[in-house]
Amino acid sequence: MDQPFAIETRGLSKHFGDVRANDELSLIIPKGTVHGIVGENGAGKSTLLKMLFGFYRPDGGDILVRGEVVRFQNPMEAMGKGIGMVHQHFMLVEPFTILENIILGSEGGADLNAAKAKAREDLKELEEKFGFDLPFDEPVERLSVGVRQRAEILKALYRGAETLILDEPTAVLTPQETEQLFGLVRQLKAQGKTVLFVTHKLNEIMAVTDDVTVMRAGKVVAVRKTNETSAAELAELMVGAKVAREAARAETGEHKVRLSLNGVYASGDRGHTALTDISLEVHDGEVLGVAGVAGNGQTELLEVITGLRRLARGRIWYDGAVIADEKTTTDPITLRRMGVAHVAEDRLKTGVVESMSARENAILGYQREADFSRRGLLKLKEIAKRAAGYFESQDVRPRNPNLPISSFSGGNQQKLVIAREISRAPQLMIIGQPTRGVDIGAVTKIHDQITELRNAGKAILVVSADLDELLAISDRIAVMCEGEIVGTLKVEDSDEQTLGLMMAGEKRNAG
Amino acid sequence: MAGANKKLPLWAEAGLLPTLNLLAAFLVSGLVIWGLGEDPFLALSLLVDGAFGFQEAIGYTFYYATNFVFTGLAVSVAYHAGLFNIGGEGQAMLGGLGLTLAVFLVGDTSPFLAIGLAILGAAVFGAAWAFIPAWLQAKRGSHIVITTIMFNFIASALLAYLLVGPLQRPGGQMPESADFPAGVGLVHAHDLLAMMGMEFEQSPLNVSALIALACTFAVWFMLTRTRFGYELRVVGKNHSAARFAGIPVARMTIVAMMLSGALAGMMGLNEILGEQLRLIGNFTLGYGFVGIAVAFMGRNHPVGIVLAAILFGALYQGGAELAFEMPNITRDLIVMIQGLVILFAGAMEHLFRDPIERLFMRFRAREAA
Amino acid sequence: QPVLLYDVGGKFDKSFNEAAHVGAEKFSTETRISYRDFEPSSETQYEQALKRFARRKADLIVAVGVGYSVAVRNVASQYPDVKFTVIDAIIELPNVQSITFRENEGSFLVGMIAAMKTESNKIGFIGGMDIPLIRRFERGYQQGAEYVNGDITLIENYVGTTPSAWNDPIKASEMARSQYARGADIIFSAAGPSGLGVIQAAKDTGNLSIGVDSNQNHVAPGFVLTSMLKRVDLAVYMAMKEASDGSWQAGHRVMGLEEGGVDYAVDEHNKGMFTDEMKARLEQARAKIISGEIVVGDVAGSNSSH
Amino acid sequence: MEFFADLTLLIDSTFRTATPLVLAGLAGLVAERSGIVDIGLEGKMLAAAFAAAAAAAVSGNPWVGMVAGVLASMFLALIHGYVSIAQRGNQIVSGMAINIAVAGLAPTLANFWFHQGGQTPLLGDEARFSAITLPFAERLSDVPVLGQLYTEIISGHNLVTYLTVLIIPAVAWMVYRTSFGLRLRAVGENPEAVDTAGISVTKLRYQAVLIGGLLCGLSGVVLSTGMGAAFIRDMSAGKGYLALAAMIFGRWKPVPTLLACLLFGFVDALQGRLQGENLPLIGEIPVQFTIMLPYVLTVIILAGFAGKMDAPKASGIPYEKDH
Ligand SMILES: Nc1ncnc2c1ncn2[C@@H]1O[C@H](COP(=O)(O)OP(=O)(O)OP(=O)(O)O)[C@@H](O)[C@H]1O
Ligand SMILES: Nc1ncnc2c1ncn2[C@@H]1O[C@H](COP(=O)(O)OP(=O)(O)OP(=O)(O)O)[C@@H](O)[C@H]1O
Ligand SMILES: [Mg+2]
Ligand SMILES: [Mg+2]
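Chains as they are written, first to last, in the working numbering: chain A, 1 to 511; chain B, 512 to 880; chain C, 881 to 1186; chain D, 1187 to 1509.
Careful, some of the hints might be misleading.
With a straight-line Cα cutoff of 16 Å, these simulated EDC-like cross-link-like pairs (lysine to aspartate or glutamate) come out [what the hints assert, rightly or not]: (1) C:K1002 to C:E1026; (2) C:K931 to B:E712; (3) B:K748 to A:E179; (4) A:K490 to A:E281.
Calculated from the structure, these hints are not laboratory results.
Since this is a predicted model, take the numbers as computed values, not measurements.
All chains, please: the whole structure from these sequences, using the hints.
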C-alpha cells in the first residue's frame, strides 16, 4: 500500500544538558509536498532536522518514514531510507572537486577513476531531469555559494534522496540564486519528491511551501496551510507577540560627506584584483546599502574601509582626512577612535573569538580604550558591567556573559556584536550582513537600531546579500559586480528585479 | 562542547580527575614492574617515600620541579598564543650559555652583579633563540614545530662546540666549562633557612625556585589581568579576529615566542647557577620536552603547571631513590613510568572525565528532582 | 661493602662503564664480597648518589668517569673518613684515589698495527662524541701509524657532538662504509656502542676494524683486527681489592703501558693476523714508550687536575 | 673522477639512510592526511627496531623479526589512535608520551631478556636483511659510468630498501587513486562532511593510524635488522622527528616527501664526508658545524617556502560530533 506520509514524528524529544531543544515534537509531512519550518533562533529547527537525518539520536519519541518507525544510528541509514539533507554550513571538502564531493562515501568500488567515470554517467541523467549544469571538475573552494548549494542538493539526489531537508538554504543566496533554488524545489516536487525547508524569511515560506510548521522553544506552536496564512500571522506565532513595525526613516536632509572612496583598487587574497576603480560617498544621516552576489568584492570593500586590507591605488577620506591610500593604511584601533565602528561580515570567523566568553568578546577591538584598560591592565569590573549591559539592552539569550560565545546562536551572537559596536556612539558604521541567519524578532530590532543611528545623523554603510533588507533600511543602494560598482540607485527607484539584474552584471546604471 | 568545563566543580576538575589519571598510569607501570618480577607496591611506596619521605628528598623533588615550572610555563605561554614551542630544550641550552657568559664576564669583579646579569643573560639568550623560529613563523609561515625541533639540534651542537672550544674547562675531558668564580651562584634553600634559624638538610634546592614561582604569578597575571595577555590569547584563538581588533598578529607571535624562550632559558638558573656552577654540555636532559607534558597536564593554567611540575619532580627524585633501593628497577624503567604518566595524565583527560561528568549530571538531576 | 657508581653512559655501554662492571664482578667472585652499584640518570644525581653511600659508610666508593670530578671533590671533603676512588679524573684530597689512563699510548700501538696491516696505506678513525678524551685516542693512533709509515693517510670522523653519539651505530656504520669506500681498509673506532656499527660495516664490506676499551675481537671474528684495551676493569678491581686488604692509598695513579692499564688485545680470534715480525716491532715500541724514548703526544690539557 | 667516485658513494649512502626516513615520513603522511598528527614516529620506530632485533635474535629469522617489529609499531599506533580518536586527547602529548615510554621500556625489556644492558645480541647475517647484490652487478662493475652506477648505487642494498622502492608508488596510488584515499584526504580536511556522507570518521582514522603504524614499523625494522645488526638504546636518534620535518616539507604529498627525505639523507652523508676535510677557502670545518648542516639546511629551506603550508585543515583537531 502507498503510505501518504513521507515523514512523521511522534513526541520527538532531544535535550542538550538541561536545554530542551526539541520537546515532545509531533508533525506530519505528506508525500510530495514542500513543508516549511519557521522559528526563532534556538527554537529547535536544526536539531529536529539533524535527528531526521540521523545525525543526532532522539532522547525520546519516534520518527516514521513512509509509515514505518525508524531508529537511525547514522546519516548513512537515513540516506538508505531516502532522506537527504543540505546543511546550513555546507558539508563539502573544499579542495575537492564537485564530482569528488558527490561520490564521497558512495564511490562503489575501490578504483577511484572508475568510480568517477561511472558517477559522471549517472549524474548526466539527474542533470537532465532537474536541469543542473555544474562544473564537476572545479575545486569547490573556487565556487560561489549558489553553485556549492546546488552541488549539495545534487549530492543528496545522487544518493537517491526522496525527501530533501534544507536548513536555511537561502541565508546566503542572491535573489537570482534563490529563484533558481525555488525553481529546483518546485521541480523536485513535480517529480514527487518531498522537501523540508527551514528559513527565517517568511516571504520565502509564502513563495514555495504548501504547509508551514511554526516552532517555539522546542515545541510546535502551529501548523498552517500556506495559502491560508500570512507572513504577519506566522511572525506573530513565532515570537508569540505582535512584531513591531520597523521604525520609520525620518527626513534628515542634506548632510556633509562622512566617508568617500576615490578610484580605489585592491587585490584579494588569491592575488586577483578584487576592487576596480571604486568611488562612492556616504553622508551623515544616510544608509548606503551595497548589494552584490557574494564574492564580487564586497568583502574586500569592507576590509579596505576598516583598515584590514591595503589599497593598490586610490584614496579613502574620512571626515575630510585621508585614512588610506597606496602607502598608508590606518589601523583598526585608530579608526575606531576616530569613530568608525565595524560589524564584521563573517561573525564566527572575524567578529568574535568563539572559544572566549561573551564577556571577553564584548570588548574585542576596544580592549585598548581607556574605560576597559588602564596602563595595560584590564578593568575587569568595568568590562563585566558593560557586557551585562549589552545583554540587557539587546535581550541576548541565554543571559549569561560567562558562556563561551560559541554556545549562543548566530542570532544572539549578532545582537551582542551590534551592541558592542553601537555602544561607542560611532560617527560611521560599517556593517556586513547585519542579520544573516537571524530570526525576524531580532531582525526587526537590529534594523530599528540602524535606522535610529541614521536618524541621529550618523553615516552607515551596509553590505548585505539580502535585498529585502537593503530595500528596507537603505537610502541609496550601490550594486557591485566583479569588483566594480555597476550603479547606484535611490531606494525609491530600485526594486528586486533591477538590482538583481545589475548584480548579475546584465544591467548597468549610473544613478 | 561549550560549557563542558562548567560541568564539574573545581575540586573534581583539578583534584579528582588528575588523581584518577595518575592512578591509571601507576596501575599500568605496576603491571610492568610486576611482570619484571618486582613488587609494585613496595616500588610505589619507595617512590613516594623517596620523593617526600625526608627533607633532602623534598629538597630534590622541588629542585627538579623548578626546572619543569620554567619549561612548562614556556610551553604554555606560547600555546596561549596558538604556537607550539617544542624548542624549550634548545632555548634552555642557550639560556644556560647566556648566564655562563654573563658570569665569566663580570664574575671576578662583582659576584652580585654577575648573578644579576646571569639571570638577565639566561632570559635574553633564551628569548633570542626563540626569536628566529618565531620570526620565520610570523613572516614566512615556516612551520614552528619543525623549526624549533631543528633549533634544538643546532643549539646542542653549538653548545658542544663552545664547550670543547672557547669555553672548554682548562684540561677538561668532557664538554663542560670551567667552574664559576667563587661566590657566584644562587643561595641554596638550606642556607637560606639556616639564616632564618631553621635546620634543613642539604639539597640543591635554591632561590631559583622562588624565581620560578614569581614567573608563575607573572604569567598568570599577564594572561588574565593585562591587555597584553588578552590580545595574546585573541591571537592564539583567531588571527582574523585579532586583525579585526587591531592586534598586530606577527609582532604578537614573535613577542609571545620570545617570552616563551625567556622562560625556558631561565631553567639554566636552577641547573647551572643554582647547582652545577659550571656549564655542562647536555644539562637540559630533555626537561624542555617534559615541559610540554607538564603544560598540558596543568591544562595550561599556571597553577596547574606548578602542580604538574611537582608531580614530575617527585617522579624524578622518587625514581632515583627507587633505583637506589631496588637495583632491578633501572632508570630506564623510571623513564617508562614518566612516559606513561604523561600519556594518562597529559593526553587522556577524557578517560575518566566523561563518566565522572555523567555521574555528576545524574547526581544533580536527583537533587533537582 | 664497596660501591661502584657509573656515569650517565650507563652500566652496559660496551665501553668503560661496562669494563668497570666487569672489574667489580671479578672482585666479588674472587673475594665473595658483594658490592652495590648505581646508574645515575643525570649529573645532578652524581653528588646525590655519592652522598647517599658516603652517609652509609661504604668501605669504598668507586666513581667512574670524568663527570664525577666536581661531585667527588665536594662530597669527599664533606666525608673525610670515607674512601673514594675516581677514574678518569684527578682530585687532590687525602681520602681520594685518582686513576687515569694513557689511552694515547694504547692507541699508539693499535695505530702501529693498523699501519703495518694496511694495504691501501689509508686507515680510518671514528670517534663517538667529539671531546678531548676521544681526540687523544685519535692523536695516539695517528702518531703510532705515522711512526710505522710516514706518509700514511688517516681519514677521521666523529659520530656526533652530544652523548647520543655513543648510541648511533647506524650513523657510525655509514661513516665507516664511506671511509672504506674511500680506500681505508682498517678503522679504529672509539665510539662506545656506536662502534658496533663500525664493526658491522667492516663485516659487510669485508674490511678490518679495531675495537676499543674492552676486548671486542669476539664480536666479529676475522673482521676485528684487535682492540685497544683500557683496563678500567683492572683499575676498579685493584681499588676494591686494596680497600678490602687495607693497602688502599689516596693519591694519583696513572695507568699507561707500563702499568698495564692500556694495551692491544690478542686472542684466539685474531692471533692469526699477527706476524712475529709485527709483534716484535710492537714490543720494541712498547719498550721505547715505557722507557720514554718515544713520547706519545696528547691533546691539550688531558689529565690535568681540577 | 675522484669527484665522481665521491658522488656515487654519497648517493649510495643517501639511499640507505633515506630508507627509514621515507618509510616513517609516509607513515606520518597517511596518519596526518586523516587528521591525526603523529609525533610518535620516533617511539614507534624504536619499538619496532627493538621488537624486530629481539625476535630475529631469538628465531634467527629476519622475517619473524619484521613481523614482530611491524606488530609492535602497529600496537603503539593503536594506542595513539585510541588516545587521539576515542579519547579526543592531545595528539602531540600522546605522541611524545609514547616516545618517552618506549625509550624507557625497550632497553628495560632488552635487559630483562638478553642481559646485555639494554641491547639485543648482534645478529648473524642469516638473521638480518643484509645487502643484496643484484644480478650482473659484479660483471657490470667495470663498465664505465652506467655499469658503475648500477653496481655502486642500484645494487647492494638491503631488502627493505628495495621494498620501500615499491611502497612509495603504492602509497601514492592509495592516497590519490583509490576511494579509500579519497575518504582519507576528506576526513583530514573536513571530518564533518565525511560523517554526514555516512562514513565513520572513527573507523577511517583508525585505519589510517594502523597503516602508518605498519610503515613506521618497517622503518624500525630496517634500522635494527637491515642497516644495523642489533637494537641499541635510542638508536632511532631523532629520525622520527626528521621524517616528520620531511613530510611537512613535502607538503603532505608522497613524492615531495620522498624528495625531502632523500635530501636529508644526502646532506647527512655529505656532512660525514666533509668532516676533517680541508676545504678551499673555508679550511677544516669543526665537526660540530658539519653536524649542524642538515638542521640548518632544513630551516633555510623551510624559510624558502613563504606562506602557510597546506596542512590538512583538520589535522590535530579531535573530531567531536556533539551527541
Ligand atoms: N550541539 C548542541 N549542544 C548543546 N546545545 C545545543 C546544541 N545544538 C542545539 N542546542 C540547543 O538547542 C536549542 C535549539 O537549537 P537549534 O539549532 O535547533 O535552534 P535553531 O532553531 O536551529 O536556531 P537557528 O534558527 O539559530 O538555527 C538551542 O537553543 C541550543 O541551546
Ligand atoms: N556546541 C554547542 N554548545 C551549546 N549550544 C550550541 C552548540 N552548538 C550550537 N548550539 C546552539 O544551537 C543553536 C543554534 O545553533 P546553530 O549552529 O544552528 O546556530 P546558527 O544556526 O549559527 O544560528 P543562526 O541560525 O541564527 O545563524 C544556538 O542556540 C546555539 O546556542
Ligand atoms: Mg539552525
Ligand atoms: Mg541557524
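Here is how each hint holds up against the structure:
1. Pair hint K1002 of chain C plus E1026 of chain C holds up; C-alpha atoms about 11 Å apart against a cutoff of 16 Å.
2. Between K931 of chain C and E712 of chain B the CA atoms are separated by roughly 12 Å; this keeps the pair inside 16 Å, and the hint holds.
3. Note on K748 of chain B and E179 of chain A: the hinted pairing is violated, with a Cα-Cα distance of about 38 Å set against a maximum of 16 Å.
4. With a CA separation close to 13 Å, the supplied pair K490 of chain A and E281 of chain A stays within the 16 Å bound.
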